[in-house]
Amino acid sequence: MTVSTAPRPAPTRTGPARHGRFGVHLFLTAVSLAFLAPLLLAVYASLRPYEETARYGYFSLPRHLSFAYYRQAFVDSGMSRYFLNSLVIAVPGVLLTLFLASFVAFAVSRLRIRGGTALLMVFTAGNLLPQQVLVTPLYVLFNKVPLPYWMSDSMTLYDSLWAVIAVQIAFQLGFCVFVLANFMRTLPREILEAAIVDGAGVWAQYRRVTLPLCRPALAALGTLQFTWMYNDFLWGLVFLSDGDKLPVTSALNNLRGQFFTDYNLLAAGSVLVALPTVLVFLLLQRHFIAGLTLGASKG
Amino acid sequence: MAQSPFSGSDAYGEVAGRRMSRRTLLRGAALGAGAVALPALLTACDSGPSGITMGSNASDAVPKKAFAAAFTAYEKKSKKTVKVNTVNHENFQENINRYLQGTPDDVFMWFAGNRMQYFARKGLLTDISDLWRDFGGFTEALKKQSTGRDGKQYLVPYYYYPWAVFHRKSVFRERGYEIPRTFDEYRALAKKMQKDGLVPFAFGDKDGWPAMGTFDYLNMRANGYDFHIALMSGRKSWNSPQVKQVFDLWRGLMPYHQKGANGRTWQEAAQTLAQKKAGMTVLGLPHPGQQFSAADRPDLDFFPFPEIDPVHGQDAVEAPIDGFLMSRKAKDEDGARDLLKFLATPEAENTYLKYDPNNIAVNSGADTATYTALQKKAVHLVAGARQISQFMDRDTRPDFASTVMIQAIQQFLNNPDDIDGLVNDIERQKKQIFAAG
Amino acid sequence: MVTTRARHAGRPGPRRHTRRDLAVLGVLLGLPILLDLALIWGPTLASVGLSFTTWDGVGDIKGAGLDNYRNLFTDYPPFWPAVRHNLLWLAFLGLLAAPFGLLLAVLIDRGVRFSRFYQSTLYLPVVLSLAVVGFIAQLILSRDQGALNAVIGGKDPTDWLGDPGLNIWMVLLAACWRHTGYVMILYLAGLKSVDPGLKEAAALDGASERQAFFRVVLPTLRPVNVIVGVITVIESLRAFDIVYAVNKGRNGLELLSVLVTDNIIGEAGRIGFGSAIAVVLLLVSLGFIVTYLVQELRGEQQR
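Residue numbers (the working numbering), protein chains in the order written: chain A, 1 to 299; chain B, 300 to 736; chain C, 737 to 1039.
Honestly, I wouldn't trust all of these hints.
[As the list claims (entries may be wrong)] Example chain A residues on the side facing chain C (calculated, C-beta under 7 Å, incomplete):
(1) L128
(2) L138
(3) L266
The hints are simulated quantities; they were obtained by calculation from the structure and are not laboratory data.
Think of the CB as a built atom: it goes at the ideal place given N, C-alpha and C, for glycine as much as any other residue.
Pulled out of the complex, with its shape left as it was, chain A reads as follows (with noise of 0.2 Å):
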């Protein structure tokens, strides 16, 4: 089911305020410039040798330029697995997040139920929080927590892809909720209001009636969790011990030595490691933007 709710009108041709853009441009394009630059000036180190680029400062005229920094942070830090540990971290992540936090933003806007503003503060509220202070209780909590061994090798919660996996959409759920809720009371609730009549149940409303209307949102904001649970380090980093586990944000670090780090490897590796998001960020920006317009708008 496909609502038409393509927030634009149709293109009007008023004609004056296409003149006189040209000082818009140039505004537009130097602050373009300006934000794009830092991203260039760092692909451009990570085509140069360390030693270049250590003794004649970063902003010079290159000397040797090649790939071979791309080729060897890929090898070299065994990116490929790590690259499948965030997938498997942020894919489910994502889209069970993204369900849960619809099913509760739909029951809080909704359904009137009793309660349903003190359960939106208490979810907005869990987003507050910086996730530092949960490590050491949540570290206890998980290492008490036994799983069978076809579940976690470690017989734990703990060093298991569980517990990230579980963190991640407890961590987010706040988020989500907030923007989906806003989002939703801005929806008709004439269709709502009509299934009902049609004797729709709280499982229809939410599947059939609302869910649909939402979708642009939830892919904006599925968009935003992936970049944030593909990004995010910390998780992983204490709530895995074992090293092949670890997300692939964690196979940039291991470009780092005890004391040498070359950041030139370094930068080939960040591009690499970013490529998912941006390309995700480019696939879904039609969506994206629709979405946010959508859940921005006004009821």
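Fit chains B and C to the given chain A structure using the hints.
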């Protein structure tokens, strides 16, 4: 609202595109989740607990390869398997508390000194005194650094790297500089270098630890090793006249240090030495060479930190030792002991150092024939030492080093004049931390 | 968009839930609530408890009363700078990055060409991970090897990252760099949904473009303002990764979350003390949440 045709047509494309690709997107994501998550999560059961597990903090290419060579040598010899679990050095350190209480490997890499004794006291390590009875080739100083407060041995030392004052031979030769033996000569040399347009001391403390080396040496030369260790273990007070004197001596050298140390990595500092813009720098054996081109490396040399009080001379050498420990929760205890026995042999150290020539072996039986001139000199320096210190962040409590001393030293570098305020601050915080037990 | 607007007439919704409905509600509300309580609020309360103890993470937990707080307020030099920096962060993001993001959104929304390009470029910093940000800071701002000093030249190069009076501003710029794109995208979306009829009506009334924006457009953006406000508070109080990547949050770059990390996460086992810092952070956060709650309820009544 004015809209260009460009973005207008976009809006329609968006509606159509959304309808189509959203579904594929969701389906793709779900498929991806299933396909990726299940097998990967389940493969955990394939690798049962077989062989000895080794927790490694050597994740970068050179030491990783060197350790792998040593473990392979053991596997060949013993027909056992060593399963290596590698975590980046810094992360390994940050996580050590949780690691040891959770599911640690049988054997893991760690440091000597207080930093090891702490975990021994907490009952997280296995006593290997029985193995030590049969070890050969380790000096008394090494044994002392491998021993816990309870008098039992826990560590198998593997290699170390002394700290000293590094310089370029060619610079000293060309300008006719003499190696300083006393602190006065040291200061005079720095003054002369400055006059010659050199930065006397290349210096970077952005990472917080490099400047500790200078403090340690100043303290050990002025007040002796015993005072230094007592200070590190919290038994002497930081606002004592002795410590003030150390900071005062350091302040006297400040004009000769490279400016802006808190914003400079040690790598950048060593780079100025490599480029002959600076005359000297206080660092460890593996550090400055990394910044030298292969052709320049033979030109790198060092001298021991000069004497301040003749009573203490140049007796103490700061030479952090890395080695192996067995965790209390080791599953394959016999295998772990066997592996540790092997790692204590000269042969194991030779294999390692063949691939990583930035350190020197601790075992006197190790082969030094392949050492560079610099490594040989380092062996000589450590062999002549009457006491060996480990480095501030290994000789004192890690929480004190990382939450008090790093900040204090950086503050001193920013403002070397308020020594009284500084040492009082340190002492107050020290009391809280050491009182906590 | 006008037609899809919900009308809250204040009448109570029908409340006839079948047993199946209750089961669905029980499971799908129960699970997230359980997760949130077990993995977020439980540990939070445990941290509050731990803040009255001393514990190194290995041995016994010993009660300490209010000692941690007393030490924190009086004898921990980085504490007050950290509080200051967090508030500075909030002011900087709230007063600079957010309005700048809004400005960019308004300009792009006016229908310029290449808007896709601008959007992507300005959003790109949001997806960067910690390692990249740290490296980029070094790349540009390093005193000896950085690009900025190479461009400026001069005999006595500025120590952008090492000077404790200067580095916080550099890091704030980097934070703005990331926050602006985030805010821009949110406003861009909000602006696209503003009913063009409103603006046209304002224009007919003779309002200038600026007047129309402040009188008509901005008020209708209230939900976006709330989202942006909450995100800005979250980002400011939780701020961590940029300073940590630059120099581990020391020497002028202290932040509360860094102090928590130093004491809890690292080899340093000062869990009670670190928890006390976390509690302070929690109280500050709750202050903002309560403000938000009040504002939200007021908004609800207006509708």
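Structure-based check of each hint:
1. Checking A/L128 against chain C: minimum C-beta separation of about 4 Å stays under 7 Å; hint holds.
2. For the restraint placing A/L138 at the interface with chain C, the shortest Cβ-Cβ distance is roughly 5 Å, inside the 7 Å limit, so the hint holds.
3. Below 7 Å, beta-carbon pairs count as interface contacts, and A/L266 has one with chain C at about 6 Å; its hint therefore holds.
In this structure, none of the earlier numbered hints is contradicted; all agree with it.
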